[in-house]
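S.K.: Protein chains in written order, with this note's numbering: chain A, 33 to 360; chain B, 70 to 314.
Be aware that one or more of the hints could be misleading.
[Unchecked claim] Going by beta-carbon spacing under 8 Å, a handful of chain B positions derived as facing chain A:
hint, residue
1, T71
2, R72
3, T86
4, N149
5, S151
6, R154
7, V178
8, A179
9, L314
[As the list claims (entries may be wrong)] Cβ pair distances, simulated, as ranges:
hint, chain 1, residue 1, chain 2, residue 2, range
10, B, G106, A, A205, 56 to 62 Å
11, B, P240, A, G76, 41 to 47 Å
12, B, E229, A, R167, 27 to 33 Å
13, B, R150, A, D57, 23 to 29 Å
14, A, F246, B, E229, 31 to 37 Å
15, A, K145, B, R198, 39 to 45 Å
16, A, R167, B, M84, 18 to 24 Å
17, B, M107, A, K145, 41 to 47 Å
18, B, W312, A, D253, 34 to 40 Å
19, B, M84, A, A170, 15 to 21 Å
20, B, R150, A, D288, 56 to 62 Å
21, A, R309, B, R150, 53 to 59 Å
22, B, N307, A, D291, 56 to 62 Å
[Stated by the list, open to error] With the Cβ distance kept under 10 Å, some of the chain B side facing chain A (calculated, not the full set):
hint, residue
23, A75
24, L120
25, L156
26, I160
27, F248
If you are wondering where the hints come from, they were derived from the structure by calculation, not from laboratory data.
Computed from a predicted model, the values in this text were never measured in an experiment.
We put the beta carbon where it would ideally sit given N, CA and C, even for glycine.
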Amino acid sequence: MGSDRDLAVEVGGLTKRYDGLTAVDGVSFSIATGEVFGLLGPNGAGKTTTINILTGLARPDSGAIHIGGVDCTSNPKAAQHLTGVVPDDSNLYPELTGFENLTFCAALYGMRKAERHAQARELLERFGLAEAAGRKFAGYSKGMKRKLTIAAGIIHRPSILFLDEPTTGIDVASARQIRQLIADLHRSGTTILLTTHYIEEAERLCERIAFIVFGRIVRNDTVVDLMQPVQDRHVILLSMCDGGPSLCEELAAAFDQLDFQALPGGQVRVESTEPIRVGPLVRFLEDRGVEVSEARKLRPSLEEVFVQVTGLEAEAMRKEKEKAGGGR
Amino acid sequence: MTRWIAFWSIVAKDMRTYYLKPPNISWGLIFPVAWTGMFFIRSGAGMESVLSLLPGVVAVSILFGTTSMLAVTITFEKSNRSFDRLLLAPISLELLMLAKTSGAILFGVANAFVPIILAAFLTDLSQVRWAAVFPAFGLIAVASTFLGLFIAVSVSQVFEAQTFSNFFRFPMIFLCGLFFPIAQLPVFLRPLSYALPLTYGVDILHGSVHNGNVLPPLLDFSLLAAFCIGLFVLSLYNIRRKWIL
Chain A
33 MGSDRDLAVE VGGLTKRYDG LTAVDGVSFS IATGEVFGLL GPNGAGKTTT INILTGLARP
93 DSGAIHIGGV DCTSNPKAAQ HLTGVVPDDS NLYPELTGFE NLTFCAALYG MRKAERHAQA
153 RELLERFGLA EAAGRKFAGY SKGMKRKLTI AAGIIHRPSI LFLDEPTTGI DVASARQIRQ
213 LIADLHRSGT TILLTTHYIE EAERLCERIA FIVFGRIVRN DTVVDLMQPV QDRHVILLSM
273 CDGGPSLCEE LAAAFDQLDF QALPGGQVRV ESTEPIRVGP LVRFLEDRGV EVSEARKLRP
333 SLEEVFVQVT GLEAEAMRKE KEKAGGGR
Chain B
70 MTRWIAFWSI VAKDMRTYYL KPPNISWGLI FPVAWTGMFF IRSGAGMESV LSLLPGVVAV
130 SILFGTTSML AVTITFEKSN RSFDRLLLAP ISLELLMLAK TSGAILFGVA NAFVPIILAA
190 FLTDLSQVRW AAVFPAFGLI AVASTFLGLF IAVSVSQVFE AQTFSNFFRF PMIFLCGLFF
250 PIAQLPVFLR PLSYALPLTY GVDILHGSVH NGNVLPPLLD FSLLAAFCIG LFVLSLYNIR
310 RKWIL
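Isolated chain B (complex conformation) (with noise of 0.2 Å):
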């Protein structure tokens, strides 16, 4: 009990203080809009093009959505030391580090649920499987949220923390199938692809929305959640690496 009253506090914390904050909040909806309108609206395919551009749009949402947030939120708190008052609390560093992400988590998918709301009044969406769409919109936001924590753990400054993180996301943006099929890369790129947890997260939606997945979903589930527990672990290796000297 004790230690989920730390958990709680530590997510309501966030949430309050950094999540939903109105700049935030607004920036949450403006940028998956933005994205929405770029795509669908300009994409000048017909509004028939919404249901393939559907996963793309919604994982650079997520993406951009969590990795922005997380990044910088935990190396201010690193720069400015309070988050020393998390690491001298009696609650697992693995407790902690799950508290910490939770609110960038619910935020990637808050953000995941604008361009679907969108793509709801331009198009139908009854064919949707939604049962695979939702823990994909999760395990997404997790694995990105994760990316993120690796990203904050790396970096000492917050303006670092930002060149950082698009150094993994603009490219993941082409890399990962969001836009167009990773069978269209330049063979030499391909296996970069699927070095990236993004891929499997996209193929996912891909398939439950326009039945345009390459990988069987479980597969792509298997291997986004082993991506999840890995980038988790890795930062998790390096905070007590770099942040208990």
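Looking at chain A on its own, in the form it has when it is part of the complex (with noise of 0.2 Å):
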């Protein structure tokens, strides 16, 4: 595998096994300078692994890595100056205050004490933890760590950024604001790696996507083309009083160019290529007694793509990940 100038990270066939249990398994990869480039899956895909591997805390059974050009495979020192991480845990030190944390980590990058200063006051004021500056980390609330960790993790200004997992157990505003935030350092160039379970942010903030099960990457394209086979789907979702597979049935010999598909809460998922219209649909269900309490168009979503692709439900995925503790 050769590096490309164009090329921000380079993966090939990269493997790691723990005890006999394969975590990553041939993944490879390459993103592009300046692009923002998504690992999604369900808990234990291998996507901290993966980055893991990339920012040097594991080493790889097998693959090769590039990173900024660089030859990262045995010596994954040699590109750590290009590269910011925000890790999945907030691990930042709990006995030194925000501002402390953050002049700490840029000395590790050798910033020297005017510049960490007024990059931590800015980064401080960004991200709305000004008036919490000289408080101790340890008595920070869940999403003032989660955004000073990133913080911590761009205070160098790195070309090439690894966010894991950056939304997961925290507050709305807080979600939003770090959202903003990696659209704002797409913006200005840096590329970025972001591992999540959320597929709407991802969906939302990647330009390309890889799906990642059991270790193995089984899907990557752009947003674009992943999105190509429901985009030209029309789908409707209709809410009723009662109903369920026997109606469905029925739905679908009177109106043979619909699919229909029961869910649960008397809901009924209508599809087709062609722009769906609601009024005989809910014209039949009435003369059957069934009343309809909404019709819904749905936007057509990566979730579906997913779900497709990996043969995993989105909201089992969520719900695993929310058991864990996260949740929004």
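Build the complex from these two chains, which are given one at a time in their own frames, with help from the hints.
M.R.: Structure below.
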């Protein structure tokens, strides 16, 4: 695998086993300079292990890694000056204040005192943490900790940023602020590798996404291309007071150009490649004494592609994460 | 320059957050004072015994001061994952670990001066060869600190670090010739004494304080330096093997 000037990160055949379990299984991908690339998958899919290998916190069993054109396969230190890392855990120093944590992290990258102080103040202001700058990190809320951890990851202005689950387990307002920051960093030309289990977050932020399941990348494409199969589909969600599989069969018999799927909670999903006219459907149901409480047009989403490609239910994936301590 | 900014920042942070905290300063003073009081005043041999006890008390103060602090601080940072921040920094593992251990080395050297200052009030220290004593302080502190590092890398919890430290420290008190000559030990234990770094540091101190050394000072210094290098290399190997999985 050769390095390319336009590629910020190039990974080939990355494999990692722990105690006989293959955590990362022949993972290959590349990230163009300035691109936001997402690794999307459930817990235990190998996202964090992949980031740990790329950042030098874990050693691959096989594979090749080039970061910023530098071969880091055997020497992960070689490109650490180019990268910033925001781990999935907010792991700053509990006994230091917010300001001290940021200036310390800046010093680790060799920034001089005046520069690191100015940069720390600017980031604290930008993240809305200026008032908490003198408080110890241990006393920060979860959202504040997350924001400071991200600030620590970018204080040395890295050209390549690894973000591991940046919005997991924090409040909605903080999550929005972090997504905005990622978008700003992207606009400023930073290359970003983002791991997340939030499909909508990946869809919103990433230009290209790889679905990773059981350590393997099962699909890697631009968001536009990933969405193509569902882009031309029209979907309506009908909510009814009663109904069931038999109702779906009746609907399918009456509207043969439409696909029907019974969902829990008295809902029916209607799909077609042509625009769906809701009136005839509602009238058909009401003639049979079924009251339709809502008919909603669904925007085609990456979630559908993810479910199709991986066979995993997105909702189950989210719940699993929330059970593990995340949730928003 | 970039690397040295990182190095000094790590040393300064550790000094501020761990070693210069009031409880640690008081512990750093009380501990050597307790050893000094116990051996100098209660030995029953009179003030003339101070010089023969001084090397042992100094060595014990350094050993406990360095190993206690380093084994705990590194294990603590590893368990809360803040140590990963350091591993992500663009500095070599060698420089990083030298920075992490420098605070403990300085703390150990500072501890060594407590018995010396107390001894100065109790006896005449004019015949002490300070030119050998000060380098010995440094090397004993380095060897003890690297022993603490070896312990820190071998365990995963803070309480394990304390327990494992004692596994090394307490046997060293009577095996390394601190308070009585190694020649008085049973024959089968003597090879063990010479396998421990503190033996050579204490021998330098015995020679410099009351001409009580067994081995030539140059050999003591060389072997102590070799232990320092060996423990550091072994710790780095273990960090790469156990922490960078």
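S.K.: Look at each hint and say if it fits the structure.
M.R.: Checked hints:
1. T71: Where the cut-off is 8 Å and the nearest Cβ of chain A is about 3 Å from T71 (chain B), the hint holds.
2. R72: With a closest approach of 7 Å, the R72 (chain B) hint holds.
3. T86: This interface hint holds because 5 Å falls under the 8 Å limit.
4. N149: 7 Å, holds
5. S151: At about 5 Å, which falls below the 8 Å cut-off, the nearest Cβ of chain A leaves the hint on S151 (chain B) intact, so it holds.
6. R154: 6 Å, holds
7. V178: At about 24 Å, which exceeds the 8 Å cut-off, the nearest Cβ of chain A leaves the hint on V178 (chain B) violated.
8. A179: Not OK, violated: A179 (chain B) not within 8 Å of chain A, min 21 Å.
9. L314: 5 Å, holds
10. B:G106 with A:A205: 56 to 62 Å: 59 Å, holds
11. B:P240 with A:G76: 41 to 47 Å: 44 Å, holds
12. B:E229 with A:R167: 27 to 33 Å: 32 Å, holds
13. B:R150 with A:D57: 23 to 29 Å: 25 Å, holds
14. A:F246 with B:E229: 31 to 37 Å: At 34 Å between Cβs, range holds.
15. A:K145 with B:R198: 39 to 45 Å: Cβ of K145 (chain A) to Cβ of R198 (chain B): about 42 Å, so the range 39 to 45 Å holds.
16. A:R167 with B:M84: 18 to 24 Å: 22 Å, holds
17. B:M107 with A:K145: 41 to 47 Å: 45 Å, holds
18. B:W312 with A:D253: 34 to 40 Å: 36 Å, holds
19. B:M84 with A:A170: 15 to 21 Å: Since M84 (chain B) and A170 (chain A) have Cβ atoms about 20 Å apart, the given range 15 to 21 Å holds.
20. B:R150 with A:D288: 56 to 62 Å: 58 Å, holds
21. A:R309 with B:R150: 53 to 59 Å: Since R309 (chain A) and R150 (chain B) have Cβ atoms about 56 Å apart, the given range 53 to 59 Å holds.
22. B:N307 with A:D291: 56 to 62 Å: 60 Å, holds
23. A75: 5 Å, holds
24. L120: Cβ of L120 (chain B) sits 41 Å from chain A, so the hint is violated.
25. L156: This hint holds: L156 (chain B) lies near chain A, its Cβ roughly 6 Å from the closest one there, short of 10 Å.
26. I160: Given a least distance of 7 Å, the restraint on I160 (chain B) holds.
27. F248: 37 Å, violated
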